[in-house]
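*Asks:* Now for the letters of each chain:
Number of protein chains: 2
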Amino acid sequence: MNWQKYVRTVTPYVPGEQPKQEKMIKLNTNECPYPPAPGVMEGVTRLNGASLRLYPDPDVGALTGGLADYHGVKKEQVFVGVGSDDVLALAFLTFFNSDRPILFPDITYSFYDVWANLYRIGYQTIPLDEDFRMRAVDYQRENGGIIFPNPNAPTGVEEAQSLIEEIVSSNTDSIVIVDEAYIDFGGTSCLSLIDRYSNLLVVRTFSKSRALAGLRIGYAIGNERLIGYLKDVRFSFNSYTMNLPAQEVGVASIVDEGYFNQCRQRIMATREWVKVELSRLGFTFPDSKGNFIFATHEQVPAAELFAFLKGEGIYVRYWQRPRIDNYLRITVGTDEEMRAFINALEGYLSKP
Amino acid sequence: MNWQKYVRTVTPYVPGEQPKQEKMIKLNTNECPYPPAPGVMEGVTRLNGASLRLYPDPDVGALTGGLADYHGVKKEQVFVGVGSDDVLALAFLTFFNSDRPILFPDITYSFYDVWANLYRIGYQTIPLDEDFRMRAVDYQRENGGIIFPNPNAPTGVEEAQSLIEEIVSSNTDSIVIVDEAYIDFGGTSCLSLIDRYSNLLVVRTFSKSRALAGLRIGYAIGNERLIGYLKDVRFSFNSYTMNLPAQEVGVASIVDEGYFNQCRQRIMATREWVKVELSRLGFTFPDSKGNFIFATHEQVPAAELFAFLKGEGIYVRYWQRPRIDNYLRITVGTDEEMRAFINALEGYLSKP
Chain A
47 MNWQKYVRTV TPYVPGEQPK QEKMIKLNTN ECPYPPAPGV MEGVTRLNGA
97 SLRLYPDPDV GALTGGLADY HGVKKEQVFV GVGSDDVLAL AFLTFFNSDR
147 PILFPDITYS FYDVWANLYR IGYQTIPLDE DFRMRAVDYQ RENGGIIFPN
197 PNAPTGVEEA QSLIEEIVSS NTDSIVIVDE AYIDFGGTSC LSLIDRYSNL
247 LVVRTFSKSR ALAGLRIGYA IGNERLIGYL KDVRFSFNSY TMNLPAQEVG
297 VASIVDEGYF NQCRQRIMAT REWVKVELSR LGFTFPDSKG NFIFATHEQV
347 PAAELFAFLK GEGIYVRYWQ RPRIDNYLRI TVGTDEEMRA FINALEGYLS
397 KP
Chain B
47 MNWQKYVRTV TPYVPGEQPK QEKMIKLNTN ECPYPPAPGV MEGVTRLNGA
97 SLRLYPDPDV GALTGGLADY HGVKKEQVFV GVGSDDVLAL AFLTFFNSDR
147 PILFPDITYS FYDVWANLYR IGYQTIPLDE DFRMRAVDYQ RENGGIIFPN
197 PNAPTGVEEA QSLIEEIVSS NTDSIVIVDE AYIDFGGTSC LSLIDRYSNL
247 LVVRTFSKSR ALAGLRIGYA IGNERLIGYL KDVRFSFNSY TMNLPAQEVG
297 VASIVDEGYF NQCRQRIMAT REWVKVELSR LGFTFPDSKG NFIFATHEQV
347 PAAELFAFLK GEGIYVRYWQ RPRIDNYLRI TVGTDEEMRA FINALEGYLS
397 KP
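So the protein lines, in turn, are chains A and B. Going by the working numbering, the first residue of the first sequence is number 47, and it counts up by one from there. Going by the working numbering, the first residue of the second sequence is number 47, and it counts up by one from there.
Simulated from the structure, these hints should not be mistaken for lab results. Be aware that one or more of the hints could be misleading.
Pairs involving identical chains hold if they fit within one copy or between any two copies, as the list cannot separate such chains.
[Said to hold, decoys possible] Below, simulated SDA-like cross-link-like pairs (lysine to any residue); rule was C-alpha separation at most 25 Å, straight line:
(1) Lys-51 <-> Asp-278
(2) Lys-66 <-> Asp-115
(3) Lys-51 <-> Ser-215
(4) Lys-397 <-> Arg-312
(5) Lys-120 <-> Val-346
(6) Lys-277 <-> Leu-100
(7) Lys-51 <-> Tyr-165
(8) Lys-121 <-> Pro-58
(9) Lys-66 <-> Glu-382
(10) Lys-51 <-> Asn-163
(11) Lys-321 <-> Pro-398
(12) Lys-277 <-> Tyr-165
(13) Lys-277 <-> Gln-366
(14) Lys-66 <-> Gln-366
(15) Lys-51 <-> Gly-168
(16) Lys-69 <-> Ala-108
(17) Lys-277 <-> Ala-315
(18) Lys-321 <-> Gln-50
(19) Lys-277 <-> Arg-166
(20) Lys-277 <-> Glu-323
(21) Lys-321 <-> Glu-176
(22) Lys-321 <-> Arg-179
(23) Lys-120 <-> Pro-398
(24) Lys-277 <-> Thr-342
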């Protein structure tokens with residue numbers, strides 16, 4: 047196998063487990079515990095099998111137009127992909143193309159270094175402070191691009207608009223990507239900045255607040271020219287990425303604002319009482335604005351709690367990595383699921 | 047916009063038009079004129095909207111397993127992607143990673159040079175002979191990989207197994223990708239060679255013979271290690287590319303061998319009488335083993351015929367490129383569609 051020496055070898059991202067177990071409580075991949083909007087469910091029943099013989103719309107017109115209307119931007123400012131991971135991977139390829147290192151926080155979405163390695167992009171991680179917060183001054187150095195999630199993952203910490211604007215405005219030579227996967231759970235979007243800063247790209251997903259992880263829809267909004275470059279790379283990679291079911295069903299999710307708001311309000315309400323309960327049980331955590339809580343216990347190691355919970359059929363996320371190896375990331379499920387989770391923890395922690 | 051100097055700028059692939067016009071005859075993107083298998087249609091009606099809230103299986107287990115059984119290979123030898131374009135784009139990124147140029151025919155699928163440009167892979171095009179055929183000896187030179195479709199697109203020409211084996215066996219230092227998008231219309235697959243040659247990757251699609259262009263499913267089969275490298279790059283790009291509808295519905299297509307054979311036999315039968323009719327009208331063409339015919343007229347320029355047909359609501363494909371700018375690529379539709387196409391041509395060509 048002489049060909050092996052020329053293969054691009056990489057260490058892939060490892061997604062959270064997708065266990066197939068009855069009666070499990072799945073709090074490990076930040077999915078929405080409620081079903082998608084009623085219009086989405088209806089859309090699925092209206093899908094026409096016969097039309098699958100034709101290629102889908104390569105411009106993803108209905109979905110792109112729907113998102114443009116929803117956000118009050120031009121259609122040319124919206125780019126749709128196969129989940130926000132697809133959008134982000136293409137954005138790395140398109141925009142992080144200089145010889146200078148890109149910057150992102152040391153504790154962040156663990157796909158960023160994977161994409162950088164895949165595309166041989168140099169990078170520098172910037173340590174968050176002790177409270178898991180960013181400092182704008184750290185991002186005022188030579189760079190080939192900047193990316194961070196807001197709220198951050200897996201910490202849930204939201205940064206102020208003023209900090210984001212400071213970073214974007216002091217880096218007009220490079221693209222700043224703000225990954226707003228978790229913005230709908232109480233955060234303030236920086237979409238309002240895109241008119242002023244042509245170097246800002248905001249990325250969103252249907253996988254969390256819209257309960258459509260299974261449909262694979264993510265999108266980016268930014269300056270028209272920025273989006274144009276992204277589209278050129280997309281059309282140089284795959285002409286037809288969004289399949290017909292995703293295009294036909296996805297658009298119904300944007301229409302039902304009432305259901306959307308109800309759904310995320312429920313998750314936020316659950317999150318807040320879970321915070322109170324976790325405190326009572328001896329956990330500490332940064333104040334999360336995501337649909338998850340990143341918690342550490344004063345006495346019991348996270349690895350131990352993770353193993354115990356898994357044994358109970360309760361899946362949370364745990365990383366054996368510097369600075370965060372004593373934390374669990376707990377997705378906010380239904381009230382019932384979170385009650386069972388708290389009860390299980392309480393039982394375990396109260397044992398002598 | 048100082049950031050523009052570091053953007054990866056590319057000239058994207060331009061897919062065939064997807065006109066939305068009533069009563070048109072669409073013979074321009076090699077779609078199947080018949081609906082997908084009955085099991086696929088049933089699968090669509092069984093889709094469960096509520097399950098869309100969860101991430102789909104990142105390993106695409108059911109589809110990968112189904113394809114492995116169908117082709118009599120191990121599950122570890124199958125890689126599934128969002129159409130064969132996705133599979134091919136990832137294969138370029140994974141395997142065409144040396145400093146030496148990759149090789150492909152001068153007349154071929156027009157995405158190859160687009161991917162090479164996207165990833166900054168050097169390439170050398172090898173001229174087909176006057177009959178649009180490859181010569182094995184042309185591929186016995188230093189290279190960083192080889193790719194070609196068999197049957198070739200847009201010519202429809204099928205190369206002999208012996209030629210393919212000669213190319214594969216004389217290039218054990220590099221990966222040879224055979225793009226079998228059109229193999230099901232009378233060609234002989236080189237899948238039988240994968241056990242002997244670890245450097246051979248065979249790529250297939252559900253978009254043509256399986257009438258599922260709208261679902262976006264393509265796959266590759268090869269040596270286990272080859273597929274493993276491809277999976278690592280996939281998981282470094284996007285963890286969840288195949289959405290739930292594609293995974294749940296696609297697998298039904300493989301099961302119904304009877305419908306599949308009936309469908310492709312019909313297309314081949316139509317193709318053969320269309321060849322006779324085109325000859326009668328003064329066209330010449332290489333003998334096609336695809337679901338299309340690549341034809342040139344003795345007197346009338348292709349560009350003129352293309353414009354005339356478009357005016358009649360009949361869409362075929364035309365490229366303004368060296369060596370092929372007097373050819374039309376005509377997808378084989380239903381008998382009724384092809385009768386209308388031949389009648390329109392006959393009317394136009396018989397005018398004084």
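*Asks:* Decide, hint by hint, whether the structure agrees.
*Replies:* Results for each hint:
no.: 1; hint: Lys-51 <-> Asp-278; in the structure: between (31 Å within a copy, 16 Å between copies)
no.: 2; hint: Lys-66 <-> Asp-115; in the structure: between (38 Å within a copy, 22 Å between copies)
no.: 3; hint: Lys-51 <-> Ser-215; in the structure: between (43 Å within a copy, 18 Å between copies)
no.: 4; hint: Lys-397 <-> Arg-312; in the structure: neither (32 Å within a copy, 71 Å between copies)
no.: 5; hint: Lys-120 <-> Val-346; in the structure: neither (51 Å within a copy, 44 Å between copies)
no.: 6; hint: Lys-277 <-> Leu-100; in the structure: within (22 Å within a copy, 28 Å between copies)
no.: 7; hint: Lys-51 <-> Tyr-165; in the structure: both (17 Å within a copy, 18 Å between copies)
no.: 8; hint: Lys-121 <-> Pro-58; in the structure: between (34 Å within a copy, 19 Å between copies)
no.: 9; hint: Lys-66 <-> Glu-382; in the structure: within (20 Å within a copy, 48 Å between copies)
no.: 10; hint: Lys-51 <-> Asn-163; in the structure: both (17 Å within a copy, 22 Å between copies)
no.: 11; hint: Lys-321 <-> Pro-398; in the structure: within (24 Å within a copy, 85 Å between copies)
no.: 12; hint: Lys-277 <-> Tyr-165; in the structure: both (18 Å within a copy, 16 Å between copies)
no.: 13; hint: Lys-277 <-> Gln-366; in the structure: between (37 Å within a copy, 23 Å between copies)
no.: 14; hint: Lys-66 <-> Gln-366; in the structure: within (24 Å within a copy, 53 Å between copies)
no.: 15; hint: Lys-51 <-> Gly-168; in the structure: both (22 Å within a copy, 18 Å between copies)
no.: 16; hint: Lys-69 <-> Ala-108; in the structure: between (38 Å within a copy, 22 Å between copies)
no.: 17; hint: Lys-277 <-> Ala-315; in the structure: neither (38 Å within a copy, 40 Å between copies)
no.: 18; hint: Lys-321 <-> Gln-50; in the structure: neither (50 Å within a copy, 44 Å between copies)
no.: 19; hint: Lys-277 <-> Arg-166; in the structure: both (22 Å within a copy, 18 Å between copies)
no.: 20; hint: Lys-277 <-> Glu-323; in the structure: neither (46 Å within a copy, 41 Å between copies)
no.: 21; hint: Lys-321 <-> Glu-176; in the structure: within (20 Å within a copy, 74 Å between copies)
no.: 22; hint: Lys-321 <-> Arg-179; in the structure: within (19 Å within a copy, 69 Å between copies)
no.: 23; hint: Lys-120 <-> Pro-398; in the structure: neither (61 Å within a copy, 51 Å between copies)
no.: 24; hint: Lys-277 <-> Thr-342; in the structure: neither (42 Å within a copy, 34 Å between copies)
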